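Numbering (the numbering used here), first residue to last: 11 to 76.
No wet-lab data here; the hints were simulated from the structure. Note that the coordinates shown come from a computational prediction; the quantities given were computed from them, not determined experimentally. A portion of the hints provided could be inaccurate.
[Stated by the list, open to error] Capping the alpha-carbon separation at 27 Å, the derived lysine-lysine pairs in BS3-like fashion look like this:
| hint | residue 1 | residue 2 |
| --- | --- | --- |
| 1 | K36 | K60 |
| 2 | K60 | K29 |
| 3 | K56 | K29 |
| 4 | K56 | K36 |
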Amino acid sequence: MQRKPGLLTRPTAENDRSKNFMDFTKLNPLNFYGEHDPAAALRWLKEVQKKFDTLAIPAEFRVGFA
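Model the full assembly from the supplied sequences, consistent with the hints where possible.
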């Protein structure tokens, strides 16, 4: 059986980003709405950081995902 060209593609950085984002959103991360409460902001930051670390999300994707 012959393979058709283009059916199997090598992973790209964009594919990695998409997969990482889908995995991240499956964890239902908290939304931050710009509250003026520093304690709430810190809780949000710690929670999101924990999810990034759990999934080993590369640093270059984290700001865009948050």
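Of the numbered hints stated earlier in the document, which are not met by this structure? Per hint list: zero violations.
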